[in-house]
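Peer 1: Residues per chain, in single letters:
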Amino acid sequence: MTTSPFPILIIVVPLISAFFIPIIGWWRRGLCYPLVIVALSISVLSSIFILHMVVEQGTIHYYLGNWDPPWGIEYVIDHLNAFVAIIVSVISLIIAISSRRSVERELPEKIVYFYCLFLLQVTGLLGIVVTGDMFNLYVFLEIASLAGYALIAIGEDGAPFASFNYMIYGTIGACFYLLGVGYLYVTTGSLNMADLSKILPDLYHSKVVLMAFAFFIVGVGLKMALFPMHVWLPDAYTYAPSAVSALVAPLMTKVGAYVMIRIIFTVFGPNFSMELIPATTILCWVAAMAILFGCILALGQTDLKRMLAYVLIAEVGYIALGVGLANKAGLTGAILHILNDALMMACLFLVVGAIMYKGGLRNIHQFKCLHRKMPITMAAFTVAALSVIGIPPTCGFFSKWYLVLGAIDANRWLFVAILLIGSLISAILFFRVIENIYFEPADYAHNGGEHGEIAIDEAPLSMLIPILITTAGILLLGILSGKIVSIIIQFAVPAGL
Amino acid sequence: MELILSKYNYWIYIVLMMIGFYAMIGKRNLVKKLVGMNIFQTAIILYFISTGAKRGATIPIVEHGHGEAMQAIHAAHYANPLPHVLMLTTIVVMVSTFGVALALIIMIYRRYRTLEEDEILELRK
Amino acid sequence: MEVVSSTRPLLAISVSVLAALFILLTGERRRNLRELWTILASLAKFSIVASMIPIVLAGKIIECTIIDLSPGIALQFRVDAFGIFFGTLASALWIATSIFSIGYMRGLNARAQTRYFFCFAFALNGALGVAFAGNLLTLFIFYEILTISTFPLVAHRETPEAIMGGRKYLAYLLTGAALVFFSMGLTYHLTGTLDFVGGGFLQGQGPSNILRLLFVTFILGFGTKAALIPIHEWLPTAMVAPTPVSALLHAVAVVKAGVFCVLRVVLYVFGPQLLSDLNLWLILAYFASFTIIVSGMLALAQDNLKRRLAFSTINNLAIIIMGAALLSPSAIIGGIFHIAGHGFMKITLFFVAGAIYVKTQKENVSELDGIGRAMPITMGSFAIGAMGIAGTPPVVGFISKWYLCLGSLEAKEIVFLFVLLTSVLLDIAYFFPIIYNSFFNRPQGRVNSGFDEASMLMVIPLTVCAIISVILGIAPDAFFHFFGIATLAAKNILGIC
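Chain order of the listed sequences is A, B and C.
Be aware that the first sequence starts at 1, since it is given in my numbering, and climbs by one per residue.
Be aware that the second sequence starts at 1, since it is given in my numbering, and climbs by one per residue.
Be aware that the third sequence starts at 1, since it is given in my numbering, and climbs by one per residue.
In short, the hints are calculated from the structure, not lab data.
As the structure is a prediction and not an experimental result, all values here were calculated from the model.
Be careful, since some hints might not be right.
Mimicking DMTMM-like on lysine to aspartate or glutamate, the simulated pairs with C-alpha atoms at most 20 Å apart in a straight line are [unchecked claim]:
hint, chain 1, residue 1, chain 2, residue 2
1, A, K198, A, E104
2, A, K483, C, D68
3, C, K412, C, D277
4, B, K27, B, E122
5, C, K362, C, D452
6, B, K125, A, E156
7, A, K373, A, D235
8, A, K373, C, E28
9, A, K483, A, D78
10, A, K368, A, D457
11, C, K359, C, E453
12, B, K27, B, E117
13, A, K368, C, E161
14, C, K60, C, D452
15, A, K373, A, E275
16, B, K27, B, E119
17, B, K125, A, D303
18, A, K368, A, E275
19, B, K125, B, E2
20, A, K358, A, D303
21, B, K125, A, D235
22, A, K373, C, E158
23, C, K359, C, D303
24, A, K198, A, E275
25, C, K60, C, D195
26, A, K358, A, E275
27, A, K110, A, E156
28, A, K328, C, D68
29, A, K483, A, E104
30, C, K168, C, E158
31, A, K358, A, E104
32, C, K168, A, E440
33, B, K125, A, E56
34, A, K368, C, D477
35, B, K32, B, D118
36, C, K168, A, D303
Label pairs and their computed distance ranges (CB to CB) [to be verified]:
hint, chain 1, residue 1, chain 2, residue 2, range
37, A, D68, B, H74, 46 to 52 Å
38, A, P460, C, K362, 49 to 55 Å
39, A, M211, B, G26, 48 to 54 Å
40, A, A495, B, Y10, 26 to 32 Å
Glycine residues also receive a C-beta, built at the ideal position from the N, C-alpha and C atoms.
Working from the sequences, and respecting the hints, build out all of it.
Peer 2: Have a look at this one:
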């Protein structure tokens, strides 16, 4: 039990700010943006503080309202939570900074509502991450999802319908999760994760526990868009406003992946899903299919945003594969990939936002000569693309390194092959775009000449700086990944593996 | 038969849930989908509530009178309050989901002038 | 073996990264300043590398550990004899190539020159990183940097043909890299380390069948870059690149990096002992011999001068690999020394091809009749290079071939002696007609009998390279101590200190 207020500050600050925003926005619309930045900065600072405390002192317990667990709600922060919390808060701050101009242009009428929902979404995501209570997690899951449905629906033409579809699937997922909670509660009488993990090993052979596990996996799978439960994702993320897809795409699926890791390894314990039922094996196969299908379907897209949505499905597959391998290297890869993929996707979607802001372009065949118009943005795109492909020294390589090691350690050669094939297909995918950006058709160059008339026309600084931060993150975290693993992730991986 | 009768509350919730699930997936009309979603969620609420019920139990309010502090409390005499409390929260979530969904349906209707899924898909091409 | 820790390897590598940034910032408008960066960086790089030669010759190893990348693997540079050998070669030839590039690119008035010089500097960073890498992971990082930064150079002309060449290049090399990635993971799985050890570290670390598989995937992976037949197809296609690219990258940096990696794997990962235990050396030697003979014959059939040179390169790369595969002291010395010897000779030949192209726009062997009268210096250098490749004394090619022949006798495998002699005959068959025709045939069509050389910026580098290859043939230890270093490397590998 800790008395430090930081675990709750992470959530409460954005939550309260979300309520203040409509009031303040009614008075002065221009104050919404600074308030969001301040609220999220406090979240970032507290999550940095918490990470520091966790690294120094180990797991932190915070009892909400001073009720002792398992009766009251407990916030437990160990290395895994702290790590994911910092990813969520930092990425959402970056996205918030960049959102200013694109929101002003795309949704001039709805700035106040946008930022209110934005903060609610972040609150939900952070809540999922810090809570140690199964039902509390459900509530935060729904807060995040509901804010997400609304945010997506304010997008372009097809958005409401895409959002409705998303909502149908999302509600099924949430309800399945809730049923899982119910089944566990019926058998154990507890909702506290730590408590459950103590009680459950005696009940491993109960059919009800098995059903609960199945409901959890399907429910979370729907939320994190694990193949074949991904059908809602491409439409929803394509039609959403660019600031929204930049927020939802990197974080929502990653937080889903976090929940999956939490349930499989903390609540049920690794033995349950590895030895009693072949759940992890099934998960591996599903993940392998996700990687292949995501990449191959992405090949068929010409709309960059939609292509990235399919790439995201494949990336979720990578994380799920690491979880399914259920050994030290594999899980390290999965957790590291949560960070790396969040960064890569944030960078890519920010770039898409910048391109759309500057020219309304989204079809990759319209990108000819874009490197002259937006050299910095395109350089960032290239770095992020290389990271998705897994070229060292970008960070994407290092998570793949652990994943491949995990697959080899588990003696699953087929998955090694699938990991590598996935990388190769994404190479085709991204070099197709890069070629379009950098190479100019011969006639074009002859007419334009060396100093063609295309002048540099970059996105405004408020969009450019977040892009540069994420790009620098992709490069630096690659080199620093050894440190991240040795300081944080190795403690986040359950000791038994 | 014994199995069905003794656990009839579970069977009812499963039947209800399946009806809702079918409507969400199988129906082409968006409002019908929404109704299905509501049935689906209500089924889960019923399930939770029924788990908290006990035959012959009373409401979980423990009275503390003078001199009765030492009196033992028998859990079997009281209905389990926790599922009910959880469901209050779930109902809030459900209602807000419902509200968002209705708002979405209004937006969809304004845009396409129809709520049939196949017609919308046709229009979006 | 004494280990000196120093930041010089890091400096040597980062010099060209800095140069690349400066080049990018300077841009097209101040091209003289931009070219100055290239020249300065190449000189600085060479002097840093050269300053390490005496230390290495004294039997010491220079080490520079930067950061842990993964448990047990650091981003580490370790300059041993073999590394400094390749590093010296690449950085010395970069000076010549930068001067030549400036003449070539300006002579053709090529476009996107900033990108060209940027990528070139970056590629050198990759090549030097490969040379100095202390373990497989570091090597792989720079190997990939080299691959990616060369892609824009191959596709530089941006014609459909060039872009196809670039795609093919990427397809082959990334597939190869995926195989290397897998092999690296497997090696780490088996041994828990990736640090190079002279004489190998895989001995007794796994079942022999797994080790055989590992060897095959390693050789296929790195073999794509070393252009072993039948995975060589990208190299002739990549000849659409500007000639300085073909010269430095496809004669020295890229393909030699491939060969260097193959040798690293053969001699520093597997080691002679393990290879002879598993009988793998014979297989590799036969594989290389097959490449030697077939590529020699294919070279005969090429009319495009650069394609003919490309096949000759494939031929010589395989000779180097064969030298290492024979595992006898002389063969290893010969093989390693041939990396340098062939580098100087082949770069001369490519420079000649470039000079001819800039001056006359001729690319085909059949058009070169009588060109020696107009460009005597150029064609004279060509004659020296070609003779050297064919192993004629006193050019440097003689020495390496002599040692290789000795080596095959030491290994008691007479077959490979015949392979070497056949390849010499083939060399003569495909090079001497060019020399003869250019000097003694009458020029076709338009007769320009007068002295008409290309720009001095091109003629000087190619002459210097030709002269150096003669000097190295007479005094193999001149300037760079190549021979001494090669001997030292062979001693380290075979454990005769």
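Peer 1: Run every hint past the structure and note whether it holds.
Peer 2: These are the hints, each one checked on the structure:
1. A:K198 with A:E104: Status violated; Cα separation ~51 Å.
2. A:K483 with C:D68: holds, 7 Å
3. C:K412 with C:D277: Holds. C:K412 to C:D277 sits at ~16 Å (cutoff 20 Å).
4. B:K27 with B:E122: holds, 17 Å
5. C:K362 with C:D452: The hint holds at about 15 Å.
6. B:K125 with A:E156: It holds: about 15 Å lies between the C-alpha atoms, which stays within 20 Å.
7. A:K373 with A:D235: violated, 29 Å
8. A:K373 with C:E28: holds, 15 Å
9. A:K483 with A:D78: Distance of about 18 Å is within 20 Å: holds.
10. A:K368 with A:D457: Within the cut-off at roughly 14 Å; holds.
11. C:K359 with C:E453: Holds, at roughly 8 Å.
12. B:K27 with B:E117: holds, 9 Å
13. A:K368 with C:E161: Given that 20 Å is the threshold and the Cα spacing comes to 18 Å, the pair holds.
14. C:K60 with C:D452: violated, 50 Å
15. A:K373 with A:E275: violated, 56 Å
16. B:K27 with B:E119: Distance ~13 Å between B:K27 and B:E119 Cα, so the pair holds.
17. B:K125 with A:D303: holds, 15 Å
18. A:K368 with A:E275: The hint is violated at about 53 Å.
19. B:K125 with B:E2: Not satisfied, since the Cα-Cα distance of roughly 54 Å exceeds 20 Å.
20. A:K358 with A:D303: holds, 16 Å
21. B:K125 with A:D235: holds, 13 Å
22. A:K373 with C:E158: holds, 19 Å
23. C:K359 with C:D303: holds, 19 Å
24. A:K198 with A:E275: Distance of about 18 Å is within 20 Å: holds.
25. C:K60 with C:D195: Holds - the C-alpha atoms of C:D195 and C:K60 are around 17 Å apart, at most 20 Å.
26. A:K358 with A:E275: The given pair, whose Cα atoms are some 54 Å apart, is violated under the 20 Å limit.
27. A:K110 with A:E156: holds, 14 Å
28. A:K328 with C:D68: holds, 18 Å
29. A:K483 with A:E104: Measuring from Cα to Cα gives roughly 40 Å; hence the hint is violated.
30. C:K168 with C:E158: holds, 14 Å
31. A:K358 with A:E104: holds, 13 Å
32. C:K168 with A:E440: Satisfied, since the Cα-Cα distance of roughly 18 Å is no more than 20 Å.
33. B:K125 with A:E56: violated, 57 Å
34. A:K368 with C:D477: Distance of about 52 Å is beyond 20 Å: violated.
35. B:K32 with B:D118: The hint holds at about 14 Å.
36. C:K168 with A:D303: Not satisfied, since the Cα-Cα distance of roughly 25 Å exceeds 20 Å.
37. A:D68 with B:H74: 46 to 52 Å: Hint violated: Cβ distance 22 Å, outside 46 to 52 Å.
38. A:P460 with C:K362: 49 to 55 Å: Check passed, 51 Å falls within 49 to 55 Å.
39. A:M211 with B:G26: 48 to 54 Å: violated, 23 Å
40. A:A495 with B:Y10: 26 to 32 Å: Cβ of A:A495 to Cβ of B:Y10: about 38 Å, so the range 26 to 32 Å is violated.
The structure does not agree with the numbered hints 1, 7, 14, 15, 18, 19, 26, 29, 33, 34, 36, 37, 39, 40 stated previously, though it agrees with the rest.
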